[in-house]
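Participant: Given next are the chains, with one letter for each unit.
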Amino acid sequence: MTSAPTPVVECRGLTKVYGQGDTAVHALRGVDLVVQPGELLMLVGPSGCGKTTLISIIASVLDGTEGVCRVLGHDILHMRERDKPAFRLQHLGFCFQAFNLNPCLSAAENVAVPLLIGGWRYGRALARSRELLDQVGLADKVDAMPEQLSGGQQQRVAIARAFAQEPDLIVCDEPTSALDSTTGEKVLGLIRDMTHSTHRSVIVVTHDARIFRFADRIVAMEDGRIVPLPPGTPGPTPAASHLTAVAAPS
Amino acid sequence: MLVIALKTLFGHRIKVIGMVIGLAVASLMMTQQPATMLSILGRTYSFIEDVSQPDIWVMDPMVKFVDDAKPLADSKLGLVRSVQGVAWAVPIYRTSTAARLPDGNTAQSLLVGVDDASLIGAPGAMISGRTDDLHRTDAVFVNDEGARLRFSQKLPDGTERPLRVGDILELNERRAEVVGIAKTGATFSSQPVIYTTYTRARGYALPQRKTMSFVLAKAKPGEDVEGLAKRIRDETGLAAYSAEAFKEMSLWYFIRNTGILINFGMVTLVGFIVGAVVSGIMFFNFTQDNLRHFAVLKAIGASPRQLLGMVLLQSFIVGVIGYGIGVGLASGMALISSTFQIKFTPALLAFSAGGVILICILSSVISVLKVLRLEPAAVFKA
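Those protein sequences? They're chains A and B, same order as listed. Residues 797 to 1046 (our numbering) are what the first sequence spells out, left to right. Residues 10 to 391 (our numbering) are what the second sequence spells out, left to right.
Hint data in this document are derived by calculation from the structure and do not stem from the laboratory. Since we're looking at a predicted model, the values are computed, not measured.
Listed next, the in silico DSSO-like pairs over lysine-lysine satisfying Cα-Cα at most 30 Å (straight line):
id	chain 1	residue 1	chain 2	residue 2
1	A	Lys-937	B	Lys-24
2	A	Lys-937	B	Lys-16
3	B	Lys-24	B	Lys-379
4	B	Lys-352	B	Lys-192
5	B	Lys-229	B	Lys-219
Let's have the full structure, built from the sequences with the hints guiding it.
Facilitator: Right, dumping it as structure tokens:
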């Protein structure tokens, strides 16, 4: 009998309250969530349901109010502020809705940003960036500036950047919302392929139903809580779901 | 990280140009104005500096600055020489006189008569001629600036040439032959300076009962200069100051009585403020425009120290460029203005560099606070 793998993310009774008293806003109301190693989890729900707040806390860029949130075994809610940057640099990758590429840096330099922050030498970091851009199909765009790239190409650069320092968990916030459907599907396909080939975990926040089929598991949120998926929600395709079923927390 | 900082900086060319212009203007004004002021103030005591050998200047007690020489009776020279501790004492004579040039033009000049035998009081550095040449008949030296500017002569073809060795001047209808061009500091009034021997100078000047302007005295080896100056004061009833003290006295007279310090100081301050405001606003705008990218760096894992380093490097780079351009412009202006010598001393350059550094620090502090307070979660907002 093999023991169950340690979850990459484990949230229990996680809450987040903005403000106090009468003006308090309960963004998360006791969220339970587990993300397994190698899993591509999609977090879906309407705007304002708490998806972004939840991944912000998981990514240690926002403090939770109460509950437990463990990422790779680290208690995020009680982690010292000064330790968070190094934790994020070492373990997390980010992929944003607006790509957030630096317009003054070339594609390769943008990919190299996490490596340069981590103290890599410029030349070595660029060599690694070229490898990653090759993997995302942009080998011929290493010197291109963001303004010379299409939206899909920019998001692929952002994906390469997210994978640059080989993080354990990649957090993607609406990665396809600024892309047309074909490009969006290509981008998600790329994220899924890179996730599975490197056995990393990915949380994708989205409300784009067209890409649900790329998920290993889909978790729905509403009004700060995890809720059952609405009937008729397109689910993961069998080909996409390579994991054994993981019970969705209530 | 430094590469990211530099590429981000130079990716915003218009803002960089704005910041550099602000700092260059500040640097220019903080360099050029004090340099001009120091050069003008330096003229107030250049005559004392040009006479390098004596330790002590003895004068009438009513003298307030070097150009305020009041005639002393020749007998006072003996009194000074008799004071214990004085190695030697020589007279020096200063007066104003009109000089007629070879082309018939006249120019008001400062006539200086130095000790006939020792030539103490004559300028130490010569551009042409030798100090000994002053012993020749009717010999005079003219200072370089005077020879080039006020004593320059119009030639028949319309061109001008400076006064040269061999030219003949007329001082009170008496012949004076230029035997040397001396390298001396410019005078406050930019008058040409004519050096000759004491006796000859008395002959060139209008007859006066008292002719000596100062007594230049040297302390014996090991003698305390300030103590000797006091002894001369006590024993002769005259005023006596060390060369350094006399320089300071002349300098402060002009500072107190001309408002020069306040006027130049105000312009320098305005330069600092303009530079600080322009550069500060531009740098703040630059940081503000890049807040999202700073937030991305913060989210990815850049430490506050790294972000601080980036902002300071960006600030330092525009500071160096702005300072370099400002000082370069100030030097260019000094070169163009050949009639007015401006000196850029290391202390002055350090002063303007300090001003630019202060502007950069003020500008970057505001930006750094903004960056350090930035919530990395802002990256998840579209």
